[in-house]
Amino acid sequence: MPESTSSTSFTSRRGLLFGTAAASAGALLVGCTSNDTKNEKTAANSQPAADDKPGKHITIGFAGPQADHGWLNAINDNAKSRAKKYSDVTLEITEGSNDTAAQIGQIETLINKKVDVLVVLPADGKALTQVGLKAMRAGIPVVNLDRIFNTPQAYRCWIGGDNYGMGLSAGHYIGEKLKDKQDAKVIELAGLDNLELTQQRTQGFDAALKNYPNIKKVARQAADFTVESGQAKMAQLLQAQPKFDALWNHDDDQGVGALRAIKQAGREDFLMVGGAGALSAFQAIQADNSVLKATVLYPPTMAASAIDLARALGQGKGIGGLAEFEIPVSLTLYSAVVDKDNVGQYLATGFR
Amino acid sequence: MTQPVSPPRGSTDKVQPMSELPAWRTLAARADVRTLSLLGVLVALIVIGGITKPDEFLDTRNLQLVLTQASVIGVVTVGMTFVITSGGIDLSVGAIVALSSVWATTVATQEYGFAGILFTAVLVGVGCGLVNGLLIAYGGMVPFIATLAMLASARGLALQITDGKTQIVTIDGILKLGERDSYILGIPPLVLVFAVVTIIGWLILNRTTFGRRTVAVGGNAEAARLAGIDVRRQRLYLYLLSGLCCGIAAFLLIILSGSGQNTNGNLYELDAIAAAIIGGTLLSGGRGTITGSVLGVLIFTTITNIFALNNLQSDVQQIAKGAIIVAAVLVQRRTAASST
Chain A
25 MPESTSSTSF TSRRGLLFGT AAASAGALLV GCTSNDTKNE KTAANSQPAA
75 DDKPGKHITI GFAGPQADHG WLNAINDNAK SRAKKYSDVT LEITEGSNDT
125 AAQIGQIETL INKKVDVLVV LPADGKALTQ VGLKAMRAGI PVVNLDRIFN
175 TPQAYRCWIG GDNYGMGLSA GHYIGEKLKD KQDAKVIELA GLDNLELTQQ
225 RTQGFDAALK NYPNIKKVAR QAADFTVESG QAKMAQLLQA QPKFDALWNH
275 DDDQGVGALR AIKQAGREDF LMVGGAGALS AFQAIQADNS VLKATVLYPP
325 TMAASAIDLA RALGQGKGIG GLAEFEIPVS LTLYSAVVDK DNVGQYLATG
375 FR
Chain B
3 MTQPVSPPRG STDKVQPMSE LPAWRTLAAR ADVRTLSLLG VLVALIVIGG
53 ITKPDEFLDT RNLQLVLTQA SVIGVVTVGM TFVITSGGID LSVGAIVALS
103 SVWATTVATQ EYGFAGILFT AVLVGVGCGL VNGLLIAYGG MVPFIATLAM
153 LASARGLALQ ITDGKTQIVT IDGILKLGER DSYILGIPPL VLVFAVVTII
203 GWLILNRTTF GRRTVAVGGN AEAARLAGID VRRQRLYLYL LSGLCCGIAA
253 FLLIILSGSG QNTNGNLYEL DAIAAAIIGG TLLSGGRGTI TGSVLGVLIF
303 TTITNIFALN NLQSDVQQIA KGAIIVAAVL VQRRTAASST
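Top line first, the protein sequences correspond to chains A and B. Per the numbering used here, residue 25 is the first one in the first sequence, and the count goes up by one each step. Per the numbering used here, residue 3 is the first one in the second sequence, and the count goes up by one each step.
Quick caveat, the hints were computed from the structure, so don't treat them as lab data. Ideal placement from N, C-alpha and C gives every residue a C-beta, glycine not left out. Some clues are possibly wrong.
Counterexamples of contact, computed for chain B against chain A with all Cβ distances above 12 angstroms [unchecked claim]:
(1) ARG36
(2) THR37
(3) PHE59
(4) ARG63
(5) LEU67
(6) TYR114
(7) ASP165
(8) PRO190
(9) GLY230
(10) SER259
(11) GLY267
(12) TYR270
Distance condition first, Cα-Cα at most 30 angstroms in a straight line; then the derived DSS-like pairs of lysine-lysine [what the hints assert, rightly or not]:
(13) A/LYS209 x A/LYS234
(14) A/LYS240 x A/LYS137
(15) A/LYS234 x B/LYS55
(16) A/LYS317 x A/LYS137
(17) A/LYS364 x B/LYS323
(18) A/LYS241 x B/LYS323
(19) B/LYS178 x A/LYS267
(20) A/LYS364 x A/LYS267
(21) B/LYS178 x A/LYS205
(22) B/LYS178 x A/LYS341
(23) B/LYS55 x B/LYS323
(24) A/LYS201 x A/LYS287
(25) A/LYS209 x A/LYS137
(26) A/LYS158 x A/LYS203
(27) A/LYS109 x A/LYS137
(28) A/LYS287 x B/LYS178
(29) B/LYS178 x A/LYS203
(30) A/LYS341 x A/LYS104
(31) A/LYS150 x A/LYS77
(32) A/LYS77 x A/LYS205
(33) A/LYS240 x B/LYS178
(34) A/LYS287 x B/LYS55
(35) A/LYS267 x A/LYS241
(36) A/LYS209 x A/LYS240
(37) A/LYS240 x A/LYS201
(38) A/LYS341 x A/LYS287
(39) A/LYS317 x B/LYS178
(40) A/LYS203 x A/LYS267
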């Protein structure tokens, strides 16, 4: 399923659920994976909910990590621009920090200011669990964004990406492309190995490849999510593997460096799949002039959806299209594959 | 103790013309033992690489790769060697590389093409070096603190300029320099720059008054001052030199990665210091060797290369790297001790 690039992929259960939710609640970023928004490139982002009538005024506190990376920067942008769309929402945004203590302090400040709802993307989910609990105990519902707290008691709702699913999608896409090839070899350029999410991406990738006995993963190297490390590690991988058929690179930012190394080595005998959804990757896929043929999404639009959810929580709304009165406890985004066939639909969501 | 020339600091006596020849000879002899032991480590690594991955390791392309990867950090290490030789330290090199690279790759600069980027990278590097130098030489700040402050602020500024985004270079002339077509007699242009910087660095440190003053300041700043050296000006120049090297390295990194990013040059300060120390430069100052530093860089790059070729994972790589640093320094101490 995930490897399918036509709109039929959204008939998967998850896609259907998300499609329905998006069509009615509209605001949910998942709308960007549904087909009814594809004609208007910004539709998924700029046209919030069907039941979008202004409600009571609320203040949402937003605390995220330091945006030293394209994806995190896109997270902040998405949250800010979505909040601006609502006349009944004020966004209190704190300075991003990768320092656990500093972020705890910032969230406590937001609690003291008595914001109505909190949206928190913790630099480290486990380390910030306590302050999440504190907010919940103070009666402020917490929307936990992406990096998850240690206990469900620390958040009212979690929304985030699917790292394992990213690996699955990438593995299935590559598997389908190579399924008729005997003794196919794939390699993996992973992200920061000391992040749990990197391990999950790799586990998903390996699990998907198990479905294709003709394919063998022959090498894996971890880079640091940076252009510089992507170039350096990829150059080594290319030297180590004179012949292989496909490469999965966990992150499009380090992919800029990886593509440089591939060009510098003069290699074009394999297929590359990226991860995250950077604008530069979308553009390369659209131009179709490099080994990069697809990228697996980890959509930063989740921050916009977190604002939607926070607003719904603050105003006591549910999600239109679902039978439940309340918003769900968790929403895992789908890691769609973007390739030449559907890249036009996603271009506007690409981050720099 | 009251002797004007203290033997263990062999090189400080170079400011004394009368002992020029024998001092130079003992220095050369000692440097040779050190250099030989480092070469031994490098050769051992090459043998390991050759045994574990003969086809991939002993390949011209791999040689080009290792040298290319050594170039950026190599240029930084040459500058660092001077600073450490003078008894100082520069913790800001990685941040300066980051700041130079993002400033040079802003859209505004890209309009001026190749020269604009090169000029900006070098200028920003020198500018940061100037600030470091002024703070340390004339502001009386400890190098550790001054360059730590520079580390923080240069990284912050780099983040502010890029807004967390990757700045992609679109100038063909620059991108081409990193590709195979522009290799000169099989040597990548980056490696040529590294070689030229190394040779110039070696000549300055070993064959000029500037070099001798650097060693003298590191050996005993007070003695150097009494001998008529303007210690403060010398220090200013040294941090300028380190900044200049960072600017050049940033330009090389732009060629290599085709972009500027605020995460560039991450942990270069540790790699450069480690390479210089392994190479035989004294952390307390008074002795420095460019050859040793460059060998140190090559040892690190070769290790990384062998690990990657054998598909070792990062945790194993880090452990092994630490072990090799310890081993190299222990071997060196032993050989150095037996030679004196």
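Hey, does B/TYR114 actually stay past 12 angstroms from chain A on C-beta? Non-interface label stands for B/TYR114: nearest chain A Cβ at 22 angstroms, farther than 12 angstroms.
Does the structure keep B/LYS178 and A/LYS341 at a Cα separation of 30 angstroms or less? violated (57 angstroms)
Distance restraint between A/LYS150 and A/LYS77, which requires alpha-carbon spacing of 30 angstroms or less: violated (37 angstroms)
Take a quick look at whether B/LYS178 and A/LYS267 sit within 30 angstroms of each other, Cα to Cα. holds (25 angstroms)
Under the criterion that the straight-line Cα-Cα distance not exceed 30 angstroms, is the pair B/LYS178, A/LYS203 satisfied? violated (36 angstroms)
Has the given pair, A/LYS203 with A/LYS267, been kept, meaning a C-alpha gap of at most 30 angstroms? holds (17 angstroms)
Keeping to a limit of 30 angstroms between CA atoms, is the pair of A/LYS287 and B/LYS178 held or broken? holds (10 angstroms)
Examine each Cβ of chain A, and state whether all of them lie more than 12 angstroms from the Cβ of B/GLY230. About 44 angstroms separates B/GLY230 from the closest Cβ of chain A, which puts it past 12 angstroms; holds.
A/LYS364 and A/LYS267 were given as a pair; does the straight-line alpha-carbon distance stay at or below 30 angstroms? With Cα atoms ~25 angstroms apart, A/LYS364 and A/LYS267 stay inside 30 angstroms; holds.
Verify this label for me: B/ARG36 is non-interface relative to chain A, using a Cβ-Cβ cutoff of 12 angstroms. holds (29 angstroms)
Taking 30 angstroms as the top limit, are the C-alpha atoms of A/LYS317 and A/LYS137 close enough? Not satisfied, since the Cα-Cα distance of roughly 48 angstroms exceeds 30 angstroms.
Between the alpha carbons of A/LYS209 and A/LYS240, is the straight-line distance 30 angstroms or under? holds (5 angstroms)
In the structure shown, a violation is registered for the earlier hints numbered 3, 4, 5, 7, 8, 10, 11, 12, 14, 16, 17, 21, 22, 25, 26, 29, 31, 32, 33 and 38, in ascending order.
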